Every structure is written in structure tokens, then in C-alpha cells.
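Residue numbers (the working numbering), protein chains in the order written: chain A, 1 to 376; chain D, 1 to 301; chain V, 1 to 404.
Since the hints were derived computationally from the structure, they do not count as laboratory data.
Please note that the accuracy of each hint is not assured.
As the list claims (entries may be wrong) - Here are the simulated lysine-lysine pairs, DSS-like style, with alpha carbons at most 30 Å apart: (1) V:K323 x A:K297; (2) A:K330 x V:K37; (3) A:K297 x D:K121; (4) A:K330 x V:K171; (5) D:K121 x A:K289; (6) V:K299 x A:K31; (7) V:K37 x A:K31; (8) D:K121 x V:K299.
Quick caveat, the model's predicted, so the values are computed rather than measured.
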Amino acid sequence: MKKYFMPILVAAAAALLAFSAGSAQAADPVKIGVMAPVTGAWASEGQDMVRVIEILAQEINDAGGVNGAPVVVEVADDGGKPNTAGLAAQKLVSAGVVAVVGTYGSSVTEASQSIYDEAGVLQIATGSTSIRLTEAGYQLFFRTCPRDDEQGRVLAAQVQALGFKRAAIVHDNTSYAKGLADEARAIFKTNGVEEVFFDAITPGDRDFTASLTKIKAAEPDVVVFTGYYPEAALLLRQKRDMNWGAPMIGGDATNNTALVEIAGAEAAAGYYFVSPPALADMPSEAAAKLRAAYQAKHGGQPSSVWSVLAGDAFNVLIKAVEAVGPDASKMGEWLKTELKDYAGLSGPIAFDAQGDRRGEVYRLYRVDAQGAFVLQ
Amino acid sequence: MEFFIQQLTNGLAVGGIYALIALGYTMVYGVMKLINFAHGELFALGAYVGYSLLVTFDLAGALGPAAAIGLTIVMVLGLVGLAGHLLERAAYRPLRHSDRLAAVVSALGASIFLQNAIMLKWGARHRAYGADLLPNVTVHFAGQSYPLIRLLVFLAAVLVMTALYAFIHRTRLGLAIRAAAIDQGAAKLMGIDVRSVIAVVFVIGPALGGLAGLLVGLYYGQIDFSMGQLYGLKAFTAAIIGGIGNIPGAMVGGLLLGLVEALGAAYVSVAWKDALAFVVLIMILVVRPTGLLPERVAEKL
Amino acid sequence: MNGAARDSGLAGEASGLSRLAWLAGAALFLSLPSLFKAVGLSSGAYWLDVLNNVGLYTVLALSLNVILGLAGMFHMGHAAFFAVGAYVTAILNLNAGWSIFAAMPVAGLAAGLFAAAVAWPIIHLRGDYLLIVTIGIVEIIRIALTNDIFGLTGGPNGLVGIARPSLFGLKISRPQHFFYLIWLMVGATMLLFHWLENSRFGRALKFIKADAVAAEGMGVNVTRYKLMAFVVGAAWAGMAGTIFAARLRTISPESFNFGESVTLFTIVILGGSGSQRGALLGSFLVMGLPELFRGFQDKRLLVFGAALVIMMIFRPEGLLPPKAAKYALPEPWAGRHGPGGPGGPEEGAWPGGPGTGPGQADGSGRDEADGSGRDEADGRPAATGAEGSRAAPGGPSPFADGPA
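With the sequences and hints as input, model every part of the structure.
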């Protein structure tokens, strides 16, 4: 083995060079990166993000590109894990992208922020709602999704408005759900809703009967669940099975049609959640077009709103390139100062000085007896 | 008290499922001394095969619920058993005479492969069995009400365990399996075809895992491609608690693990229940280094 | 004289030529950053970062190798020690303003102490039972970190804003800086562990792995050496955790789950248990292949899983198994050493112990003899039963493990 070591090493280095030389050609096209969890636990979200953006990019290229230049989408899989996010980010930076859309998880985004920042690449996160992402002072960081504190505020306000007095808060110890639960908890201290239970279930578990039995014993009149739809659906279903009628209210991560498929319409009926409007409820013309294109290409609809927000991020990036050319810092400036009420898929889009999205996006939904999500 | 009893039954229901998956681990381990890390994925495969039959092909619509579920059980047992057999031939048989850890890594590779194969075949989204597949019947017993399916799942676990135990101890093939478990070399000398024994074990174990997957799908109604990881780890823990290689041990371990989780969630903290389960595991092993029902060589399986 | 002849790891037989090749290879490797720059490779930073990842995992794999490869203990919870190091670093840096390099030894110490505390009650467990317990430990750690234990770990969000390390006024921030830092650590680790492997400590571990009963009988304190292996491996993983924290600048519990432990375990076994070169190659494959497979998009892990199975089937002992240790047999046999040979005195401790090359290499010592010693084939070189024949002659010793 030893005597082959040198040649192998040289060959490996050469292969390395050759392999990467392919992506080294810089040319006219506008390169936009997409960092998304294409594999791993959030693969469905990531794959939807890629699909939506590919549809939008196709439309732009069919219409002659942006300022005459074609748009090239570079996808990097972050696996939904912070460890691999760094590599995905380096990959995109190396590919010479001017801006990046993504990603879904907050901790994953966080692990990539400093890399994009140091490389001068503009980043628009699409599902990362953790507050501190925009508090870190990165000039080129934006997001099209709202923040946990806004959602927490809306959620807590709705719980009060619906007349509930004793709330059991359940999260799942992901940074998203914990953040939301903490926000809601803080507001309950001031708005007269009593917190009677606060604990975390384990995501991926399927049996929550033990947790539900314990929650029930605390006698809440509403269960506030801040986690994701697979667990929310099981909670609803098992709550029904134990003949416990207390209503449940959740956050935007439960805005997924699979919730009703899993729980069944009967158990899901009466469930409330706050969320940006789903693609189906987006009145914009662009949204209708996306619905049709997605249906034609992949069948069905994107299962959640996050991939649509990724589409929005992609669209505003294209607008920025159109306005000031593919220069990340000029684009960042433009997005903060010039972009006013752009008609995005999910409604008007503008950013504040921190890169957070302006305006109210949350709506209250309720599941009706047929299992449809009804905007209240 | 009512709270306690309720939690007790909660724990037993979860434990029954752990036990059922653990049976597959323990059987394979008994004969091959191999931790089949892909067992969790075979469990998930069972859930997805059931999904295809019951939801995509809507067997229940064609045959009526009882016949559909009966047929699905048979198909899941057969198909996942076949998958297990193929897995053994492809990933484990070439390594039978190699180092044990080589087989462990091969199993880990097979597990990654299978999990991603399931994702590519059925998609990354969570799949729903549909809530109206089974009639929603509740049984009242001692002042509590239980969903019927929950009792059935538990009953199935006990039934399978008993049948397996009887099979191992009352049939000639079972005798061969026990012999191979104790000493493959000696079993060969006694004219036992150890290779076929292993093949049989590698059909039964995965098939039982697949059955557990189907039951989880029916019971909870929700499946996803990575579900095998969590259940696999839990069931492995259960098998070890009971003493791996020991069939009643798998049952005891599974039920105990379920109880620890439920009572831990009830009386300590929901968020810490899994950590608590591992603490209990460690304490048991510190006191009894080979599990609760340790392998007595003469009655290994 | 014994020193040279015992050589079994890094440099193989000590021929001048191979040393030269190694040096040349290392020099070429270390010049990669400038090479990338010279040819104007635009993705250079990305590939350097891939190599950094490989390097970090090499350090971790080498530290796991002490426990899993040398001592033969089935340990699948290495991420726990890695996590302790990373979190101690982050906490010291964020709360007490310690510099990264000042925190590094403390991180190592903390991980080592933690390992000693948790390994002590479980050290006697047999193979698969130890395996699940170490998995349990990594899960307990992850859950504790997620639940913000002691109010220090930041819960599921983890800790953010960890400082970049700086060395002699140079701030280490870009991939090429980390490249040198990490790969110098790889080199240092290899040299240290190579020395360790051939020290009294290392030979005791190999002896224990080959046959714990015989080792005990020869007066080796098996429990103590096993514990020491755990502590050494854990301390080193803790220091790797420091680098990890400083490189990503943010750490969260998800980074230290059971899956990470499995990855490390895979690297060591795939490369060849007990082999340093194996750990290096294993890291390149396990961390590098998924990157090369990016072209397969959502199929890349599928391909990777299949590749793992295939590689194990074709190289069951690992890709680069350790060479069978060669020990000079002093003649006459009874304990006479080369006059003034280095390390002479320690040889005397094990007459006929690990010294009998073939005896060690295929001794079917598959039992750690913790009371279950009913296995007939207990480590007697002659008894190679059905199971015992697994070890190819001259290959690595079978794992000192395996319940009957």
C-alpha cells in the first residue's frame, strides 16, 4: 500500500482539482443559491422549496431572464443539520452565487450566517423564525418569514381573545417550538391567561397518551402546542381517543394539510392555529399561477407555506438584481430602502433595517368539521 | 389512583409495540450475534407496505375492512420477510465469518440505504393511514375507556411472543434454531443446516418487525420514512434490558421500557422521559450486566 | 532496537523511502491552500472546508480508536465527550471570556473527568451491552443539553457567538487558517497516539482486546487500563470539541446526537479498527463521499449507504487494517533484551504476553470473561472454532468480545 501512497495522493489532488474545475467557470448568468434540507428529517420541506424555486426560475428564464441574463439555480443540501450547513454554505459561496435563499431550520441558518457574511453573499431565510437571527447584526441577512416573537404575540392574543383562561403550553424542544412557547408564556404572564402546564414532548414519538393524561390532570381549558404538524395531529387524535374535549391551538408549523389526514377530520375539527396564509388562501395572481404550475409539474400542492416563502425570497432577489445588478451589497441596500410593498406570493413584502419582514402576516385559522382550514 | 392506572395502561400499550420490534432484534441476535441496525428500517418498510395496500390500493374499499387487514398482514409478513432475506444475503451473509463489527457497519450502511430508499419510493412527507380505516370503538373497563385498537395491538404483541416461544421450544426447526444459537459449529456437526437456520431466522425476525410497523400505522395513523430510527433504538434498548437473545426477555424489556417512559412522563418530566429510560437501562445493567433475563446458554432463545 | 522493530502503525516498516513518501505527501497536502489559490480554483474555500471537516473527524476518529480499536470496547457514544468539550469551551468563552486556546485543555480535562465518572460503573459490561449504554449516555447528554441543564447550555438554541481563536496575534477565521490548525492537530494526534500505542499502555490495551483473561492473569489491571483508554480518548475528543465550537461559532444539541457517534464508529471500523491510517482514510471516505455524491442530490445518502455495505463486504477488516505487530523475540526466549534497548525494562513485565505475534493475531479471544466464561474457546490460540476462524491470519485480532 505504502508505495502507492504518493501516486494516490497526487491522483486524489488532481481529481479534486478536476472535479471542482467544472464549477469554476464564471460567466454571465445570475447565480442564485438555494440552501435547503433535501435529505434528512425535513426533506419534504426542502424538496418543496427546490421545486417552487425551480418553477419560478423556469418562468423567468422562459421570459428572457433577468436583464437579459439567464438565472441559474444552485442547490445545496444542508441535510437539516447545523453541522452540514457550513459545508453547504461554502459550496454555494464557492459556486459564485450572489445571493442565497434558505434555509428552513433556524439553527441550520445560524450555522451558515457568518460564512455568507464573510463571503459577501446576500441571504434570505425562509423558514427560520428564531428572533436572534436578525439581531446578530448581519447586514446582508433577510427573511421572508415572520419572527417567533410576532407569532408568539399573535398566538397569545388569540388565546385570550377566544376567552380561554387556563392554558397548557406544550412544545417539542426544537429551537422553533421552544422559542414560540417562551414568547407565548411571557405574554400570558401579562394578559390574564394562567399557565397551568409547561413541558416538552419528543418529536418523532408517536404515543403521547402519557403526556396527555398528565396535561389533562392540570385541567387546562386550552392546549397550546407550538410544535410541528405530525405531533399536533397525533395529539389531536389521541386527545379524541381519551374523550377529552378541550380545544387545542397551535402555530404555523401545523399549517399542513397532512394534519387532517393523520388526525382525521373528526379529531381535527375545532383545532385553531395561527399562520401566514396558505398558498391556497393567497389571493395574488402570482400565487394562482404557482398553484397551477406546481399542480401540473408535481401533482397536488406544496404541503406547507414555507416553500412559498422561499418562492417569495427568490422573487425579491430577482427584483433586486433587476434594479441594481448582481451585487450583493447594493441589493441589500435596495431591499431595505427601495423595496416597498412588492406584491409577493404571500402578500406585500418589505423589509426593515434589520432585514425582518414588515407587516402583519399572521391569520387565525380553524379546522371545520370537514377538515378544511378556514380563515377566521 | 385513576391517574396511575391510566398511565400504567399507557405504558403497556407503548411497551407492547417496543416488545414486538424487540422480538426481531433478539431473534436475529440469538442466532447470529448480530445487532441488525437495519431492523428499524424493516419496521418502517412494513408500515409503508401496509400504507400502499390499504391507502393507495384501498384494499378496504375492495374487500371490506376485516379481510383487507387480514390480507395486508399476510402481505406485510411476506414482503418484509423477503426483504429481510435479501438483506441478509446481500449485506450480512458475505460477512458471516468476518469480524462482528464489520457486520455492524454493514448493517448501518444497509440502514442508511433502506431509509433513503423508502424516502425515494414513498416521498419525504409524512403519510397518513386515514382515520376512518378502522371503526373507532372504545372499550370500557374498570372505569376507564380504551380504544379497541389499543387492546388489539397489545394482544397481538402477546400473541406473537407466545407463538414464537412455542415455535422455538416445541418444533424441530425451533430446536435447530436453539442449537445454532448455542454453538453453530456443534450444530453443524449434528447435521443441522446452519445456513438455512439463519435464513429462516432472517425471514421471521424482519417479518415481525414489519408487522409491528403495520400495527403502528394502523394504531397511530401516521408514518414517516425516518420512523425506524427512533423505534429501532427503543426496541434495541428493550431487547438489551430483557437480555438480548431471550424471547420472553424482549417482552419484559419492551413492557418495562414503556412503563418507565409513561411513569417518567407522568411523575418526573415529559421532556426528560427518554433520558430517564436510559438511566434506568444503565442502572439495570450495572446491577445485572446481561439484562433482566440473562442468556442461560441452554435456553438461549 | 525493540523500539524500531515494534513499529506497527504510522510509518509501517521504517524504511527511509516510505518515510520520505509520507513527508512528501504531507508537504503536498499542506500546500493545498496555496495550490488552490495558485491555480485560481474558485471552489477552493469549499474544498478546504470539506478537508477541515475530514480533519476534525480524523482527530475524533483517532481518539475513538483508542477505546474502540485498541482496547476493543464497543463504544458508540463518542459524541457525548465531544459535546462536553465543545460546550465547556463555549461556556468558558462566552461567560468567562476565556480565549479558545486557554479553554482547550480545560475542555479536554472536563471531557476526561466526565468519561471517568460515567465509564467507571459500566466498564465491566460486555460488548453489545456496553454499546447500548454508550448510546444511552450520548442520548442523556443530548437531552440534558436540550433541556438547558444548569441554565448554561442555551437549550435547543444552543450557544452562539463563540469567539474565533487567535494564535500569536493571528486571528483564525478563514477556511485556510483552520486548515492548518486542524491538520496540524491531526499530525500531532497521530504522533501522540502512535507513541501511545507502542507504549506499555498501548500494548496493555491490545493484550486486553486479544484476551482479557490472559491479560488479567498476567497481572494487567484490566479495569484500570480500560478506564484509562476511555479517559484518554474522551479528553482528546473534548479538545476536538473546542476546535469544532470555534470553527462553527455556534453549537446546538443536534450537533451531538447519536447519529454523530454512529458516524465516528463507522469511520473507525471502515478504516480498519485499531489503525491510524485507517482512521484517516475512513474520515476521508465517510465525510468526503457524501460531498462527492452531491451530484446525486436526494439520492446521495442512498448511494452512500450502498457504498458502505459494499466496502465492508470487500474489506471486512477495514480498508487499511493495522499490520500485525511485530516484536523482536529475544533469544534465548526468557526475558533477555537487547543490551540497553530502549524501553527494555517494560518488556519484562509480560513474558510471552503480547510479544507472541501470531498468538495474538489469531487468538480467538472472543470473551472478556466477566463471569460468563463458559465459552470453551476462551482465547486459546489453538481453539479456532467456527467463530474463532474469523480472523484471517495476520489480520487484526478478532474483537475481544462477544457473548457466548
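Status of the hints after comparison with the structure:
1. V:K323 x A:K297: 56 Å, violated
2. A:K330 x V:K37: 27 Å, holds
3. A:K297 x D:K121: 18 Å, holds
4. A:K330 x V:K171: 28 Å, holds
5. D:K121 x A:K289: 28 Å, holds
6. V:K299 x A:K31: 24 Å, holds
7. V:K37 x A:K31: 22 Å, holds
8. D:K121 x V:K299: 11 Å, holds
The structure does not agree with numbered hint 1 stated previously, though it agrees with all others.
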